[in-house]
Amino acid sequence: MTDVTITVNGREMKGSVENRTLLVQFLREHLGLTGTHVGCDTSQCGACVVHLDGKAVKSCTMLAVQASGSSVTTIEGIAEGQELHPVQAAFREHHGLQCGYCTPGMIMTAVDMINRHGSSLDEETVREELDGNICRCTGYHNIVKAILSAAGAAQPQAVAAE
Amino acid sequence: MYETKYHRPVSLPQAAKFAADHGDEGKYLAGGMTLIPTMKQRLAAPEALIDLRHVPGLKGIKVEGKSIVIGGGMTHSDVAMSDEIKSVCPGFADLAGLIGDPAVRHMGTVGGSVANFDPAADYPAALLALGATIRTNQREIAADDFFVGLFETALEDGEIVTKIAFEAPDACAYEKFRNPASRYAMCGVFVARRGGDVKVGVTGAGSEGAFHWSEAEQALSSNFAPEAVDGLTMPQDNMMSDIHGSSAYRANLVKVVTKRAVKKALGH
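Residue numbers (the UniProt record's numbering), protein chains in the order written: chain A, 1 to 162; chain B, 1 to 268.
One chain only, chain B, in its complex shape (with noise of 0.2 Å):
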């Protein structure tokens, strides 16, 4: 790892300000579950990290009715154990205690994982499929706005996602095929269904990073059951082949994974 400088400020103001100071050089350091193996592998070096463990502006998981908000400092953790989460929306902590192994899960946090946008992330399925709103220091964007490209957001230079805000479906749940190595997602599905409308969030099977499945989608809205996505193909051209599992291996997995994640979802 190349030498930085650690900043670590203990409001967002004071955050924003460290990162204006290192123009795009500096880069926020949330659980560092990412950050830091990338940097001792070099392959990022940033001039200053910005601890953002101590700005209490990201603490906090707010449950009001349907209503769920949940800090961008919060651990997967946190929300994987928490009771109001569960009770409204058992699918979302479900979907946390799948991340990583217990140890991440006590570093690693909503925001960082939202705002690095790994093709392979979690998180990202849950917010497209929940039409949740992710919150900055500066603004709001709708899921489907922020999440832009591979490891790419709307998230401006110095922006910190502070929060993500959703209510709570009917129904949902989360289905994710691990790597047997890794334990990343090969492909994770989450369904979400309110009323007659479901959505379809899929990571880690495509090359561009979560996406919607809106063929699944329309067939769900109108049979909320696994067999409603039989009659569907999944095209290749977009989805991740490596030595993993080839595009038409992933193309036929996030099927069979969002069969599952219908299966679970009427379970719950």
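Chain A on its own, in the form it takes in the complex (with noise of 0.2 Å):
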């Protein structure tokens, strides 16, 4: 067992852990902040995107003594008390979600995106950069919506499915 410390959502955690201890589990297991989810376990879907030090990572394929020292925020920690993060609050607005599994780490990924490329971002730059990130409900165009939207980037011109 190692002792953790880490910053999650600006609160200093400390906990005991295995040190084959997933980052995702001790979120999820030892915080109780199921926001963040385990869809593939593989490193392909990105259900279980969090940023560490201000970047998107896969945090089933981080282990937790890897994030000790460091901060990390889940999903629960970018919303300002009741009023939605502008990422959350335009995947509301465009609907870009159905079930909501995949959601979590689609918008962990889209502030990412957004905090590197701002409102230069494009569609064809918000499709590649989801390559991560998998939804098997919407057919991401509500999803790109979302996020052109929240960067305040033009919207495409035309979109196929409409």
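These are calculated hints, taken from the structure and not from any lab test.
The reader is advised that the hints may include incorrect statements.
Unchecked claim - Listed next, the in silico DSS-like pairs over lysine-lysine satisfying Cα-Cα at most 30 Å (straight line):
(1) K17(B) - K40(B)
(2) K40(B) - K264(B)
(3) K40(B) - K55(A)
(4) K264(B) - K86(B)
(5) K59(B) - K17(B)
(6) K14(A) - K40(B)
(7) K14(A) - K5(B)
(8) K59(B) - K27(B)
(9) K27(B) - K14(A)
(10) K55(A) - K14(A)
(11) K27(B) - K55(A)
(12) K86(B) - K59(B)
(13) K55(A) - K59(B)
(14) K14(A) - K59(B)
(15) K66(B) - K263(B)
(16) K62(B) - K55(A)
(17) K27(B) - K17(B)
(18) K55(A) - K5(B)
(19) K86(B) - K55(A)
(20) K17(B) - K14(A)
Using the supplied hints, reconstruct the complex from the two chains, each of which is provided in its own coordinate frame.
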């Protein structure tokens, strides 16, 4: 067992974990932060994306001990009280989800994407950067719209399915 | 995953000491993008992990004129977003931006990828074509001598890839044909031209990992244009064959992707 200290959503959390404990297990099972999901458990689907020191990472492919000393932000940590984060609000506005399982990872990936690209984001970049996030419901169109809207970027001129 | 010990060295000598303490039962952990999934599947069960993410000696990107030196601990994202690398060797930055997805690029490192030598890894194709040097905590190794075979490199037990170094060529580009599901390279080709000398590194297709396509190097050295490759035939003997593509398919893909890479290099 190893003692870890991880700042999660701004609060310093301490715990004693087996070295093999994945970061996502620490978040969900030790801290009860079940907003971060496990979809594929093989780094493919992105349901487990959180931010490690401000950058999107897959928490199913990282050990909790690796994150010790770092700051982690999860889906629970981005709203301001009752006020949704702009990306969360955009997903609601544009109906960027159906079953919702992939949504926490989609939103954390989207926030990271907007942090890096800002309003220069375009549809092609959003689609390319969603490479590591799988949604089996929406067909992605509304997710792309939501991300572009939250980034303050131009919406696609025409969307094939419409 | 089986339980393991965890060490976090803060210097190269300390990392090497931890490795020595565990003999060949310990494993260096770079970004973990291959090692952690492999351990989760119980295909690897190292006695100890030696986490290299906090070793300062593995950090940094240095570009002086055409000389590029990249620390082994730099992530794919660091390389892809480096304005300095983009300005002197855009093909190499492009390659890094095509690895995995954004979250994987935030963790995975140059050194980890090079040391692992996955047959579909992207960097090896570039390092072969660029005639790069791989520096370790013990010595310098030319890329041609470093990549030995499937998941096999010249690294000895305990040796750490600290830097990769190369001179930016006059023109270069990487073209990748991705498996539509895994996004790994079914075939990736890096072409690099220095004056009239052209090198071609191929990854993803060969059963022994990345390799030089010598015939294409000769043809492109006399005529750096996609059609120079038209008359060549890639032998199928050493091509991978699996459910994603037969060896004949991959052999043809090498040719097609090489032509696209040359076209891209001409545009850079």
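Hint check:
no.	hint	result
1	K17(B) - K40(B)	holds (26 Å)
2	K40(B) - K264(B)	violated (39 Å)
3	K40(B) - K55(A)	holds (23 Å)
4	K264(B) - K86(B)	holds (15 Å)
5	K59(B) - K17(B)	holds (20 Å)
6	K14(A) - K40(B)	holds (24 Å)
7	K14(A) - K5(B)	holds (19 Å)
8	K59(B) - K27(B)	holds (20 Å)
9	K27(B) - K14(A)	holds (26 Å)
10	K55(A) - K14(A)	holds (21 Å)
11	K27(B) - K55(A)	holds (25 Å)
12	K86(B) - K59(B)	holds (18 Å)
13	K55(A) - K59(B)	holds (17 Å)
14	K14(A) - K59(B)	holds (28 Å)
15	K66(B) - K263(B)	holds (22 Å)
16	K62(B) - K55(A)	holds (23 Å)
17	K27(B) - K17(B)	holds (12 Å)
18	K55(A) - K5(B)	holds (26 Å)
19	K86(B) - K55(A)	holds (21 Å)
20	K17(B) - K14(A)	holds (29 Å)
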